[in-house]
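Peer 1: As you go down the protein sequences, you meet chains A and B in turn. Per the working numbering, residue 25 is the first one in the first sequence, and the count goes up by one each step. Per the working numbering, residue 110 is the first one in the second sequence, and the count goes up by one each step.
Among the clues, some could well be false.
Claimed, not checked - Computed footprint of chain B on chain A, listed as stretches where at least three residues anywhere in the stretch have a Cβ under 8 Å from a Cβ of chain B:
| # | segment |
| --- | --- |
| 1 | 36-44 |
| 2 | 47-53 |
| 3 | 69-80 |
What the hints assert, rightly or not - Derived pair list, reagent style DSS-like, types lysine-lysine, alpha-carbon separation capped at 27 Å:
| # | chain 1 | residue 1 | chain 2 | residue 2 |
| --- | --- | --- | --- | --- |
| 4 | A | Lys76 | A | Lys93 |
| 5 | B | Lys124 | A | Lys93 |
| 6 | B | Lys124 | B | Lys187 |
| 7 | B | Lys153 | A | Lys27 |
| 8 | A | Lys27 | A | Lys76 |
| 9 | A | Lys27 | B | Lys124 |
| 10 | B | Lys124 | B | Lys171 |
| 11 | B | Lys192 | B | Lys124 |
| 12 | B | Lys171 | B | Lys153 |
These are calculated hints, taken from the structure and not from any lab test. The C-beta atom is built at its ideal place from N, Cα and C for all residues, glycine as well.
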Amino acid sequence: LAKTTQPISMDSYEGQEVNITCSHNNIATNDYITWYQQFPSQGPRFIIQGYKTKVTNEVASLFIPADRKSSTLSLPRVSLSDTAVYYCLVQGNNQGGKLIFGQGTELSVKP
Amino acid sequence: EAGVAQSPRYKIIEKRQSVAFWCNPISGHATLYWYQQILGQGPKLLIQFQNNGVVDDSQLPKDRFSAERLKGVDSTLKIQPAKLEDSAVYLCASSLSSGRVTGELFFGEGSRLTVL
């Protein structure tokens, strides 16, 4: 199973761009990279998913280099409400479609 | 569209007592998951159902935990007898997947269990 490694915590200020990098050195050919967000007292929520290059939606961008051994979640102009835990996951056949969570990155946005 | 419903939201019991959690997934979702999230950790998968069949229960402590999904819709997770280390949030999630291994999971708000 592909294991992910990401920083335990990050601090930022309102209005800044935040980039959270995740490494997944043994990602398989058919695996996708998926990011979830979790607020206190809530279940995780899907943010974005990608296979290679760049994916963008209304919430975030996901950058994946050609070797796919890492990925970067980019949150543009964060606000206080973006304070949450962000999980990077590898999702695919090797995991049977299941989400296997690591510890995540606790992002704290300050005024 | 209604989300994943879970109850109760909070439960406090003493060790060796029993407890049950209920989950109603999003309508039409074939796959249902139960996760355990201990404070400060990421969610850990306990069991995965595909319709009313178990796909994976390798991480379920079967001596005290049980789960069922009768009729392939609602699910119940039971703990008997509870231990102090079972204090956690129990999250239910569902997905359409049914063959697509990269599908989005939709989580409920969770049931917080405190064992005294």
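Peer 1: Confirm or reject each hint.
Peer 2: Okay, the hints, checked on the actual structure:
1. Coverage of the segment 36-44 of chain A by chain B is violated [criterion: at least 3 residues with CB-CB distance below 8 Å; count 0].
2. Residues of the segment 47-53 of chain A lying with their CB closer than 8 Å to a CB of chain B number 0, which falls below the three-residue condition for coverage.
3. Interface restraint, the segment 69-80 of chain A with chain B: holds (3 residues with C-beta to C-beta distance below 8 Å; minimum three).
4. For the given pair, lysine 76 of chain A sits about 10 Å from lysine 93 of chain A by alpha-carbon distance, which is consistent with the 27 Å threshold.
5. Between lysine 124 of chain B and lysine 93 of chain A, the direct Cα distance comes to roughly 44 Å. Violation of the 27 Å bound is thereby established for this hinted pair.
6. Of the pairs offered as hints, the one joining lysine 124 of chain B and lysine 187 of chain B holds, with about 14 Å between alpha carbons and a cut-off of 27 Å not exceeded.
7. Distance check on the hinted pair: lysine 153 of chain B and lysine 27 of chain A sit about 14 Å apart at the alpha-carbon level, within 27 Å; holds.
8. The straight-line distance between the Cα atoms of lysine 27 of chain A and lysine 76 of chain A is roughly 18 Å, inside the 27 Å bound, and the hint therefore holds.
9. At roughly 34 Å between alpha-carbon atoms, lysine 27 of chain A and lysine 124 of chain B are farther apart than 27 Å, so this suggested pair is violated.
10. Under the criterion of a C-alpha separation no larger than 27 Å, the hint pairing lysine 124 of chain B with lysine 171 of chain B is consistent with the structure, at around 17 Å.
11. For the proposed pair lysine 192 of chain B and lysine 124 of chain B, the alpha carbon gap of about 5 Å is at most 27 Å, so the pair holds.
12. Distance restraint check for lysine 171 of chain B and lysine 153 of chain B: the Cα-Cα separation of roughly 15 Å lies within the 27 Å cut-off, and the hinted pair is therefore satisfied.
Violated hints, listed in ascending order, are 1, 2, 5 and 9; each of the other numbered hints is respected by the structure.
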